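Residues per chain, in single letters:
There are 2 protein chains.
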Amino acid sequence: MQTTRFVLEQQEIPTHWYNVVADMPNPPSPPLGPDGQPVSPEQMLAIFPGPLLEQEMSGERWIPIPEPVREIYRLWRPSPLIRALRLEQALGTPAKLYYKNEGVSPAGSHKPNTAVPQAFYNHQVGIRRLTTETGAGQWGSSMAFAGQMFGIDVRVFMVKVSYQQKPSRRSMMQAWGAEVFPSPSNLTQAGRDALAKHPDSEGSLGLAISEAVEEAAGRADTNYCLGSVLNHVLLHQTIIGLEAKKQFEKAGDWPDVIFGPCGGGSSFGGIALPFLADKAAGKTPNLRLVAVEPTSCPTLTKGAYAYDYGDASGYTPIMKMYTLGHDFMPPGIHAGGLRYHGDSPLISQLVHEGLMEALAVPQVATFEAGVQFAKAEGIIPAPESCHAIRAAIDEALRCKATGEPKTILFNLTGHGHFDMASYDRYFSGKLEDFDYPAEAIQESLAHLPKV
Amino acid sequence: MQTTRFVLEQQEIPTHWYNVVADMPNPPSPPLGPDGQPVSPEQMLAIFPGPLLEQEMSGERWIPIPEPVREIYRLWRPSPLIRALRLEQALGTPAKLYYKNEGVSPAGSHKPNTAVPQAFYNHQVGIRRLTTETGAGQWGSSMAFAGQMFGIDVRVFMVKVSYQQKPSRRSMMQAWGAEVFPSPSNLTQAGRDALAKHPDSEGSLGLAISEAVEEAAGRADTNYCLGSVLNHVLLHQTIIGLEAKKQFEKAGDWPDVIFGPCGGGSSFGGIALPFLADKAAGKTPNLRLVAVEPTSCPTLTKGAYAYDYGDASGYTPIMKMYTLGHDFMPPGIHAGGLRYHGDSPLISQLVHEGLMEALAVPQVATFEAGVQFAKAEGIIPAPESCHAIRAAIDEALRCKATGEPKTILFNLTGHGHFDMASYDRYFSGKLEDFDYPAEAIQESLAHLPKV
Numbered sequence: 001m002q003t004t005r006f007v008l009e010q011q012e013i014p015t016h017w018y019n020v021v022a023d024m025p026n027p028p029s030p031p032l033g034p035d036g037q038p039v040s041p042e043q044m045l046a047i048f049p050g051p052l053l054e055q056e057m058s059g060e061r062w063i064p065i066p067e068p069v070r071e072i073y074r075l076w077r078p079s080p081l082i083r084a085l086r087l088e089q090a091l092g093t094p095a096k097l098y099y100k101n102e103g104v105s106p107a108g109s110h111k112p113n114t115a116v117p118q119a120f121y122n123h124q125v126g127i128r129r130l131t132t133e134t135g136a137g138q139w140g141s142s143m144a145f146a147g148q149m150f151g152i153d154v155r156v157f158m159v160k161v162s163y164q165q166k167p168s169r170r171s172m173m174q175a176w177g178a179e180v181f182p183s184p185s186n187l188t189q190a191g192r193d194a195l196a197k198h199p200d201s202e203g204s205l206g207l208a209i210s211e212a213v214e215e216a217a218g219r220a221d222t223n224y225c226l227g228s229v230l231n232h233v234l235l236h237q238t239i240i241g242l243e244a245k246k247q248f249e250k251a252g253d254w255p256d257v258i259f260g261p262c263g264g265g266s267s268f269g270g271i272a273l274p275f276l277a278d279k280a281a282g283k284t285p286n287l288r289l290v291a292v293e294p295t296s297c298p299t300l301t302k303g304a305y306a307y308d309y310g311d312a313s314g315y316t317p318i319m320k321m322y323t324l325g326h327d328f329m330p331p332g333i334h335a336g337g338l339r340y341h342g343d344s345p346l347i348s349q350l351v352h353e354g355l356m357e358a359l360a361v362p363q364v365a366t367f368e369a370g371v372q373f374a375k376a377e378g379i380i381p382a383p384e385s386c387h388a389i390r391a392a393i394d395e396a397l398r399c400k401a402t403g404e405p406k407t408i409l410f411n412l413t414g415h416g417h418f419d420m421a422s423y424d425r426y427f428s429g430k431l432e433d434f435d436y437p438a439e440a441i442q443e444s445l446a447h448l449p450k451v
Numbered sequence: 001m002q003t004t005r006f007v008l009e010q011q012e013i014p015t016h017w018y019n020v021v022a023d024m025p026n027p028p029s030p031p032l033g034p035d036g037q038p039v040s041p042e043q044m045l046a047i048f049p050g051p052l053l054e055q056e057m058s059g060e061r062w063i064p065i066p067e068p069v070r071e072i073y074r075l076w077r078p079s080p081l082i083r084a085l086r087l088e089q090a091l092g093t094p095a096k097l098y099y100k101n102e103g104v105s106p107a108g109s110h111k112p113n114t115a116v117p118q119a120f121y122n123h124q125v126g127i128r129r130l131t132t133e134t135g136a137g138q139w140g141s142s143m144a145f146a147g148q149m150f151g152i153d154v155r156v157f158m159v160k161v162s163y164q165q166k167p168s169r170r171s172m173m174q175a176w177g178a179e180v181f182p183s184p185s186n187l188t189q190a191g192r193d194a195l196a197k198h199p200d201s202e203g204s205l206g207l208a209i210s211e212a213v214e215e216a217a218g219r220a221d222t223n224y225c226l227g228s229v230l231n232h233v234l235l236h237q238t239i240i241g242l243e244a245k246k247q248f249e250k251a252g253d254w255p256d257v258i259f260g261p262c263g264g265g266s267s268f269g270g271i272a273l274p275f276l277a278d279k280a281a282g283k284t285p286n287l288r289l290v291a292v293e294p295t296s297c298p299t300l301t302k303g304a305y306a307y308d309y310g311d312a313s314g315y316t317p318i319m320k321m322y323t324l325g326h327d328f329m330p331p332g333i334h335a336g337g338l339r340y341h342g343d344s345p346l347i348s349q350l351v352h353e354g355l356m357e358a359l360a361v362p363q364v365a366t367f368e369a370g371v372q373f374a375k376a377e378g379i380i381p382a383p384e385s386c387h388a389i390r391a392a393i394d395e396a397l398r399c400k401a402t403g404e405p406k407t408i409l410f411n412l413t414g415h416g417h418f419d420m421a422s423y424d425r426y427f428s429g430k431l432e433d434f435d436y437p438a439e440a441i442q443e444s445l446a447h448l449p450k451v
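Which chain is which? The protein sequence lines are A and B, in order.
Counting from 1, one number per residue, gives the positions in the first sequence under this note's numbering.
Counting from 1, one number per residue, gives the positions in the second sequence under this note's numbering.
Pulled out of the complex, with its shape left as it was, chain A reads as follows (with noise of 0.2 angstroms):
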C-alpha cells in the first residue's frame, strides 16, 4: 500500500508563524488614515489588543507560537498532506497532485488558525469581549469556537440574508457560545441608520462591519476580530505552508507549483508564504506561486494596484492593493469567501513585484472540478477550494500534454457540508458564469480615494 497520507505528531506543530515581512524586497507600504498619514497603532488599539498589532506591524522572520495556541491546535493540526492518487489516475496525468486538508478543523476551514490566536491576545489583555461580522459564517462559527475556547464571549453580526438562508452556520456559533444577530440590528447606530433607511435590508458584509466595529470602538471590555486581509491574519496562516514543508520533506518530493483560492488573502498567503522564503531567497527559482479568483471578482487580475478603503463605505484606513474600488459590487457567487472587493496588500505588493502569480476561473467550471475531486478522492470541497482544485487539474492536464511529471500542491481550505445548495443549482443547471465588465470596474475604481 503506497502512502498518500503524510501526517505529522502533534509535537511537530510549529513553533512559530513565518512573518514573510523580512525578506520582501522592499518594504509594505503602510496603511494611511484621512489625514493621508500613515495610522498610528493608538488609533488601531481601541479595537485591536497590543500583540496584534505588534504582529501586524513586525519585520521579524520568526514569530513564537503561543503554548495555549498551540495546545488548542492539536484539537485538529497538524492537518494532513494528502497525496490525490486517484484523483491523478483519473486525469492519466504524470503529474503528482498533493493537497493540504484545512477542512478538518472544528468550523471545517483554515479560519481557526487565527481566530484561535487572535482569541488568545484578546484574552492575554483582558478583553471579555469579541465582536465580529460574517457573511455566509465560516469566518463567524471560527470566531465563536475560538472565543469558547479561552472562555471569551463572541457576539457576531451576520448579513441578514445569510442569518435567513444558512441556519445551519447559524446553530454552529451557538453551539460555540457566541450570540449571533441579524444585520442590519437596533444594536448599533449604523445598523439602526440603515433600518430607518431600508427596514426591508438583507444587509451586506460592509455594514456588518461597520456595526462590530462600532460596539467594539465604544466598549473599553470588548474588541474587534477580522478574518483575512491584515498581516497578522496572514501570518497565523502559514503554519499551513510551515506543516506543508515538514511533510513534503517527509514525502521526499516538493512542489514546482502552489495554488490557493485567494479572496482577502489568507488562506492562500498561508499556503504559499513559507515556500515564498527559499524562492525568494533564490533556492526555487522556478516555483510558482498562483493566486486563483473568480472571474466574476477578478482583484488581483484585472484590478488596479493603488490606495483604497478596505470596506465598502470608506470607513477604514486606505491600504496598498489590488482592488476593483471599494464600491465594486459583485455578483452574488456562491464561493462567498472569494467576493472581496481588494485583497490582501501584502499578497498585492508580492503580485505586483512578480513574486507570486495570479488567475481568475469561472464558476461553473470550478463545481465540476469540485464533482470530479470529490468522486476520486472522497471529500466534497467548499465553492472556495474549488477554484485551487480546478486550477490545479488544469495544470495537470497541462503535464498530462507535454508529459512533465511536475508536483502541484493547493490548498483544500474547507469541506462542503455547509455548501450542498450551491452544488445542487449546479446539479440542476441554474449556475452561471459571470465576467465582470470592464467599464464596470473602470467605473468603481474611478471613485478610489484621492492619496
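If you are wondering where the hints come from, they were derived from the structure by calculation, not from laboratory data.
Bear in mind the structure is a predicted one, so any value in this text is a computation, not a measurement.
A few of these clues could be false.
Identical copies go unnamed one by one, so any copy, or any two together, can satisfy a pair.
Claimed, not checked - The calculated lysine to any residue pairs, modelled on SDA-like cross-linking and capped at a C-alpha distance of 20 angstroms, are:
no., residue 1, residue 2
1, K406, N286
2, K450, V39
3, K246, Q10
4, K375, V104
With chain A's structure known, arrange chain B on it following the hints.
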C-alpha cells in the same frame, strides 16, 4: 505538549476483520423463512453476492480484508483515537475519556466502513447496479460514495419526507454520482401501490426497503445493500475496534468501559466486538461494553428477545433479536439512525447472554452532552453519537464522585454538520423527551410472528 491524538500509519490499517461468532459461547440462531426453516443461501443470492453471504454465515475468527478495500479505506482510515483532555478538565473528573472519531470519513460517519466492501464484493461478482434505501441520508450517501469508488451505479430510495427536508444529503449523493428517488416512487410495484392508496404519502423506511429489494430481486445485474443489523455489516465495522486496540497500545492505556450508540447495532458492534474477544477469553473480565439507545426506542432495554421481522411490512426473514415488535412506530426523534424496532441478532444474543449491557438515555440530555462536548473538543457530533457521549459523561461524573480513574472509550460515530436543524430545535427549547409507554410496547409485541 501532551499527546491527545493517537494516529496510525496507513500501512497499519488492519488486514483482517474480526468475526465474533468464533468466540461466542453459543452459536447464533439462524434467520428463518416463511416456512419456519432456516433461510437457504440460494434464496439470498437473488439480492446479495456470494462472498457477502459467506461472511454472513461464517464461523472463521479472522476474515481477510481485500487489498482494494484497504486502498479505499486509506482515504480516511486509520481514523484517529483522541483523548478528550479538555472535556475531562471541564468535567473535573479523574477518569480518562477517549473517543474514536469515525466522523472523518467521506460521508461523515462510520457507514462507509461496510459500504466500501459491499460495493467491492458486488463489483467482484459482476454486479453493475446497487439499490438501497436511506432515511436521513447517512447510509445512502455512504453507498453513493462506495459505488463511485468501484464504478457501480447506485440507486437510492430516500424516504420522501427526508428527500424534501434534507436536500443537502441528497446533493451529497448526487455529487458521488448516485440516482436518488423519493420513496414511494413510480419505479416499483410497492411504490405504485403505496401511491395509489396514499398519493400524498411521505414514505417510510420500511417502504423504501421494499422498493429497493423489489428492484434488486427483479434484475440480474442489480443487488441490494443493507447498512446495519446483519452479521457481515458488523464484521466490516470491526475495523473501528481493531484500530482502537492498536491505538490504545500506543497510548499505553486500555479501556475499562466502552460506550457506543446502538440502533441496528453496527457501530456499537464495530467498536465493542474486538474488545469482547479478550473479555470472552477471560483476559479482561471486568471490561464493560455498553450499548446506548434512546428511551424513545428502547429495543435492548425494554424489548423482547424473540424472532421478528427485520422490516415493518414483514417481507424479510425473521431473526432472533431484541425487538419492540415490527409494527412498533417510534416517535420522530432526531437521532434517526437509532430509530429501529429491532437490533443486530449478534448484539442481541451477546446482551441476552450477559457479555454486553444496554442503557437508554433521553433525547434532550443527549443534545446537552453533545453541546458540552463541542464546546470542549471542537467537534459537533451527530445526534446518534450524542447518546454515547451522554453515557460517557455520566460515567465520568460518577468517577468524579467516587474518585475512580477509569478509562472510558466511546464511539464518535459521525459529525453533526447535516443535523444543525436538530441542534437549532434543542437551542430553542423545542425538543422533547419521550418515554414509550409500556402498554404500547406490549401491544406491538403481541404481533410477533409465531415460530
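So, going through the hints one by one against the coordinates:
1. Proximity of K406 and N286 under a CA criterion of 20 angstroms is satisfied intra-copy only: 12 angstroms inside one chain copy versus 56 angstroms between copies.
2. Taking identical chains as interchangeable, the C-alpha atoms of K450 and V39 lie at most 20 angstroms apart only when both belong to the same chain, with a minimum of 16 angstroms there against 84 angstroms between chains.
3. Within a single copy, K246 and Q10 get their C-alpha atoms as close as 13 angstroms, and across copies as close as 18 angstroms, so both meet the 20 angstroms cut-off.
4. Taking CA atoms no more than 20 angstroms apart as the test, K375 paired with V104 passes in both settings, with 19 angstroms inside one copy and 16 angstroms between copies.
Every hint, counting from the list given before, is met by this structure.
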